[in-house]
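**Student:** What follows is each chain in one-letter form.
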Amino acid sequence: MAKGKVTFNTDICKGCELCIDVCPVNIIVMDETMINVKGFHPATVNDMEKCIGCGNCAITCPDSVIKVERF
Amino acid sequence: MAIVYDKSKGLTDVELHFCPGCTHGTVHKLVAEVLVELDVLEKSVGVAPVGCSALSYDYFNCDMQQASHGRAPAVATGIKRVNPELVVWTYQGDGDLASIGTAEIIHVAHRGEKITTIFINNAIYGMTGGQMAPTTLIGQKTTTTQDGRTVEHSGKPLKMAEMLATIDGAKFVERVSVDTPTNIRKAKKAIRKAFELQLSGKGFGIVEVLSTCPTNWALTPRDSLQWLRDNMMPYYPLGNFRTPEEDE
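So the sequences go chain by chain: U and G.
In terms of the numbering used here, the numbers along the first sequence are unbroken and rise by one, the last being 308.
In terms of the numbering used here, the numbers along the second sequence are unbroken and rise by one, the last being 251.
A hint or two may mislead.
No farther apart than 35 Å at their CA atoms in a straight line, the calculated lysine-lysine pairs in the DSBU-like style are these [stated by the list, open to error]:
{"#": "1", "chain 1": "U", "residue 1": "Lys240", "chain 2": "G", "residue 2": "Lys196"}
{"#": "2", "chain 1": "G", "residue 1": "Lys159", "chain 2": "U", "residue 2": "Lys275"}
{"#": "3", "chain 1": "U", "residue 1": "Lys240", "chain 2": "U", "residue 2": "Lys304"}
{"#": "4", "chain 1": "U", "residue 1": "Lys240", "chain 2": "G", "residue 2": "Lys189"}
{"#": "5", "chain 1": "U", "residue 1": "Lys275", "chain 2": "G", "residue 2": "Lys189"}
{"#": "6", "chain 1": "U", "residue 1": "Lys304", "chain 2": "G", "residue 2": "Lys189"}
{"#": "7", "chain 1": "G", "residue 1": "Lys162", "chain 2": "G", "residue 2": "Lys196"}
{"#": "8", "chain 1": "G", "residue 1": "Lys12", "chain 2": "U", "residue 2": "Lys304"}
{"#": "9", "chain 1": "G", "residue 1": "Lys159", "chain 2": "U", "residue 2": "Lys242"}
{"#": "10", "chain 1": "G", "residue 1": "Lys162", "chain 2": "U", "residue 2": "Lys287"}
{"#": "11", "chain 1": "G", "residue 1": "Lys10", "chain 2": "U", "residue 2": "Lys304"}
{"#": "12", "chain 1": "U", "residue 1": "Lys287", "chain 2": "U", "residue 2": "Lys242"}
{"#": "13", "chain 1": "G", "residue 1": "Lys10", "chain 2": "U", "residue 2": "Lys242"}
{"#": "14", "chain 1": "G", "residue 1": "Lys205", "chain 2": "U", "residue 2": "Lys275"}
{"#": "15", "chain 1": "G", "residue 1": "Lys196", "chain 2": "G", "residue 2": "Lys10"}
{"#": "16", "chain 1": "U", "residue 1": "Lys242", "chain 2": "G", "residue 2": "Lys196"}
{"#": "17", "chain 1": "G", "residue 1": "Lys205", "chain 2": "G", "residue 2": "Lys159"}
{"#": "18", "chain 1": "U", "residue 1": "Lys287", "chain 2": "G", "residue 2": "Lys192"}
{"#": "19", "chain 1": "G", "residue 1": "Lys12", "chain 2": "U", "residue 2": "Lys240"}
{"#": "20", "chain 1": "G", "residue 1": "Lys10", "chain 2": "U", "residue 2": "Lys287"}
None of these hints come from the bench; they were simulated from the model.
All chains, full assembly: derive it from the sequences and hints.
**Tutor:** Here it is, written out as structure tokens:
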């Protein structure tokens, strides 16, 4: 299985949670330990090892917060 | 390491002002990606409407023009006729295109202007605070239909894609949705075809995109997508209504 790496531009995340539903391996969560400059809990990944780099989260994100790489 | 997805070069670094979860952002990305992939970003001119997407001239990394309410197709006609080598497109919401701008969109299709229109249908007026639009569904509650829209008072919602597909000058008419990654990919293909039609000079192309308005629907972004699937898709079926091949 391909491995992926997801990076979030945390400052511009609006916490809409749309990326959570489209992740096939269910590793995206809202980071409730922090609040970004916009006042939202931003999206983050809790287990990057499981990421397959499908890009669904990045395609869905309306605000272009997410960058996906695959290796 | 290969990049699977990164922000399109067709968008500027300006942060979108749209509400959390608003699919305007998704469609902005698709248009920008298509313009980059077709290598026409440098010679494209977008015409922004009035409505939530009025500020889209800040977001697209190409030349933009702001039009009066509903008049984006007329402005785009002028730009395209004076500069036929440019790729000219309009980005309009349902309040803009299906209400005050109905005359403009019908006649731009009728004349077969070689422009492309991206039509955002979210069944409500967004920027002005959630009033009923021509595309508001029967029974849908808005600030001007507090007991739900009724047929007796307001008629049935207007199906723009079906209507425009009956006009000979409209050569590409398709309705898409951006509720799932699969549908987002299909939407991008449709937008690409609409721009390719313009490049081939065959006529007018329009893509209607079913979108959400979480704020004015009073739903979370995730519930909004489900509401779109449950309520909008049965009334506004996805699919292609006209391709240039049918006319050949």
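**Student:** If you draw a straight line from the CA of Lys10(G) to the CA of Lys287(U), is it 35 Å or shorter?
**Tutor:** holds, 23 Å
**Student:** Against the 35 Å threshold, does the CA-CA distance of Lys12(G) and Lys304(U) hold or violate the hint?
**Tutor:** holds, 13 Å
**Student:** Can you confirm whether the C-alpha distance between Lys240(U) and Lys196(G) stays at or below 35 Å?
**Tutor:** Holds. Lys240(U) to Lys196(G) sits at ~32 Å (cutoff 35 Å).
**Student:** Taken at face value, is the distance from the CA of Lys242(U) to the CA of Lys159(G) at most 35 Å?
**Tutor:** violated, 47 Å
**Student:** With the threshold set at 35 Å, check whether the alpha-carbon distance from Lys205(G) to Lys159(G) stays at or below it.
**Tutor:** holds, 32 Å
**Student:** Taking only the CA atoms, is the gap from Lys159(G) to Lys275(U) under or equal to 35 Å?
**Tutor:** Violated, at roughly 40 Å.
**Student:** Starting from Lys162(G), check that the Cα of Lys196(G) is at most 35 Å away, please.
**Tutor:** The hint holds at about 21 Å.
**Student:** Can you confirm whether the C-alpha distance between Lys240(U) and Lys304(U) stays at or below 35 Å?
**Tutor:** holds, 14 Å
**Student:** If you draw a straight line from the CA of Lys287(U) to the CA of Lys242(U), is it 35 Å or shorter?
**Tutor:** holds, 9 Å
**Student:** Below or equal to 35 Å on CA atoms is what counts here, so check Lys12(G) against Lys240(U).
**Tutor:** holds, 25 Å
**Student:** Measure nothing beyond the straight line between the CA atoms of Lys242(U) and Lys196(G); if it is 35 Å or shorter, mark the hint as holding.
**Tutor:** Given pair Lys242(U), Lys196(G) holds - Cα atoms ~31 Å apart, limit 35 Å.
**Student:** For the pair supplied as a hint, Lys162(G) and Lys287(U), is the alpha-carbon distance within the 35 Å limit?
**Tutor:** violated, 43 Å
Of the numbered hints listed earlier, those contradicted by the structure are 2, 9, 10, 14.
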